[in-house]
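> Respectively, the protein sequence lines represent chains A and B. Okay, so the first sequence: first residue is 1 according to my numbering, each after it adds one. Okay, so the second sequence: first residue is 241 according to my numbering, each after it adds one.
It is possible that some hints are incorrect.
Here are the in silico distance ranges between beta carbons for each label pair [stated by the list, open to error]:
#1 Asp483/B <-> Gln122/A: 18 to 28 Å
#2 Glu114/A <-> Ala333/B: 31 to 41 Å
#3 Leu345/B <-> Met196/A: 22 to 32 Å
#4 Phe357/B <-> Tyr52/A: 15 to 25 Å
#5 Leu345/B <-> Gly109/A: 25 to 35 Å
#6 Ala165/A <-> Ala340/B: 19 to 29 Å
#7 Ala340/B <-> Glu27/A: 25 to 35 Å
A few chain A residues that face chain B, going by a derived Cβ cut-off under 8 Å, partial list only [stated by the list, open to error]:
#8 Glu77
#9 Glu92
#10 Ile101
#11 Leu104
#12 Ser135
Hints listed in this document are in silico derivations from the structure and should not be mistaken for laboratory results. Positions of the beta carbon are idealized from the N, C-alpha and C atoms, including for glycine.
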Amino acid sequence: MSILAVDHLSKNFRGLAAISDVTFEIEAGSITSIIGPNGAGKSTMFNLITGYLAPTSGSVSFQGRRITGMPTNRIAELGVARAFQIARPFRELSVHENVRIGALFGKAGPRDVEATTVRALQLANISDLSRQAASALTVGQLRHLEVARAIATRADLLLADEPCAGLNPTETAAMINVLRQVRSSGVTVVLVEHDMPSVMEVSDRILVLDAGRLIADGAPATVANDPKVIAAYLGTPDAA
Amino acid sequence: MKLGRTQIVVGCVVAALLLALGPTFLPSFYVRVGQLMLYSAGLGLAWAILGGFAGYASFGHSAFIGVGAFTAGLIEARFNSLPAPLLLLTGLAAGGLSCAILSALIAYPILRLRGTFFAIAMLGVSHVTAEVTNNIDFFQGSLGLNFPPIAPSTMDPASFFYELFLAGAALILLIAWWIRRSRFGSGLLSIREDEDTARMLGVPTERYKRLAFVVSAVLTGLMGVIYAHSLGYITTDSVYRDDTNLSLIVYSLLGGMGTLFGPAIGACLLVFITQVILGRLLDFHLFATGLLLVLLVLSAPGGVLGLMKRRRKAA
């Protein structure tokens, strides 16, 4: 069953088409990566799904319900959470308080706040940091905090924006592990990611965007050998 | 040392009782200083519900002092046959209600502005309300409004208003404490820290900001009503004051921005400095206050409470 359906979605910034006529569905319980060169429209896609931006045309449905046009906080209440690439922690608050705010709001609502917070901290593997101020964390730890806070909302869908960007190999492996754990706990994961080895390793399916269009969609091995994808990343031989 | 919850509650009750007994043993000058401290603390706490918790620093809260005071005065003049306690309650209800209506009306447009823009827009609100009060005859802003004496004849008016200000400040502190611990309060903190992220997590940011604004405005208005009674006669200039607009920010800066007790501590400190220490240096007290503020804020950016926290960590 599909948890997210993107239907003929387009977004123009003045004349520039950031997303043009993209349609896809995401299976519940899967890990899907959206890849593509810089400027392909990956982050715009996330901004459209979470309601941060309004599409020019087309729509997004979550669990069969049309969410296009809803305010961002309402979409979060339905069960869509997002982890930012450039971490946006509540700096003055502790790690625990950061995650607790996720548990107080989102889909979780104010039930079992403490237990939900503790579980999210464990799942993201940052329980030992819970008393620290968010401002004292490293880049890698902040990414884990982003994920913890997002899943504390008891979201059914986690949109993770480049969770591995700028991390060293050890940190990347730890993050991949967390994302797997998140999926095992029943959350559908959609990633935007540049780090190809991680993408190939963790994804069930890969969507490739180029200049706002969906140019490939399939299993990692298929997509990696698709001539259109290679052309998008490296250019075509005869164009040179 | 970390205090338990019972200890804090007992401490607060004892402190409140001691404060309430103040006028029985304090010389009259200090009763008046106490009045001013409690009035300022109440205003500072009310301001901080929006400015400290949600991070929307208003530079125009005297608008609500003025609107509360003038509404109460105009309404009470029509019900002046009522006994004093009822008259005060009528004034408080009318003043609170008018502040609620005004703040609810301007909340939507003005809370779309952030940071400095919000602060300056609020300064505009306080000036516009002051001009309206001053220039439309109905409000009697330039002529002035009389407030009937409400202190019981058995009690010294200064002590009576001291107790009223204490009750007001205590009520506001309780409300602020309750908000700080609630889901609403956590939502406000997340708005202060990063409003877009808060919304992304499901915090109903628009509704929460508006609610915090209205609560802050109403509580400020209530203090304004008591203040007007303590003066007995007010004109536009006695309630719509730019130095109040400024002081409300300074209280939080001095005591600790975003903390529960910070605004009250900052208010008492500033009143003590300006009224007691510098009270005799009238020519130069503004200069000295300014200098002192700069030094305090530079040496303790987190205010008094921030300084204490740093000390505790170092120890």
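> Now tell me if each hint is right for this structure.
Do the hints match the structure? See the list:
1. Asp483/B <-> Gln122/A: 18 to 28 Å: violated (52 Å)
2. Glu114/A <-> Ala333/B: 31 to 41 Å: 40 Å Cβ-Cβ, so the 31 to 41 Å window holds.
3. Leu345/B <-> Met196/A: 22 to 32 Å: violated (55 Å)
4. Phe357/B <-> Tyr52/A: 15 to 25 Å: holds (21 Å)
5. Leu345/B <-> Gly109/A: 25 to 35 Å: holds (31 Å)
6. Ala165/A <-> Ala340/B: 19 to 29 Å: With a Cβ separation near 48 Å, Ala165/A and Ala340/B fall outside 19 to 29 Å, so the hint is violated.
7. Ala340/B <-> Glu27/A: 25 to 35 Å: Distance hint for Ala340/B, Glu27/A is violated at roughly 50 Å.
8. Glu77: With a minimum Cβ separation of about 5 Å from chain B (threshold 8 Å), the hint on Glu77/A holds.
9. Glu92: holds (6 Å)
10. Ile101: For Ile101/A, the interface hint holds, since the closest Cβ of chain B sits about 5 Å away, which is under 8 Å.
11. Leu104: At 5 Å from the nearest chain B Cβ, Leu104/A passes the 8 Å test, so the hint holds.
12. Ser135: Check failed: Cβ of Ser135/A comes no nearer than 10 Å to chain B, outside 8 Å.
When held up to the earlier numbered hints, the structure conflicts with 1, 3, 6, 7, 12 and fits the remainder.
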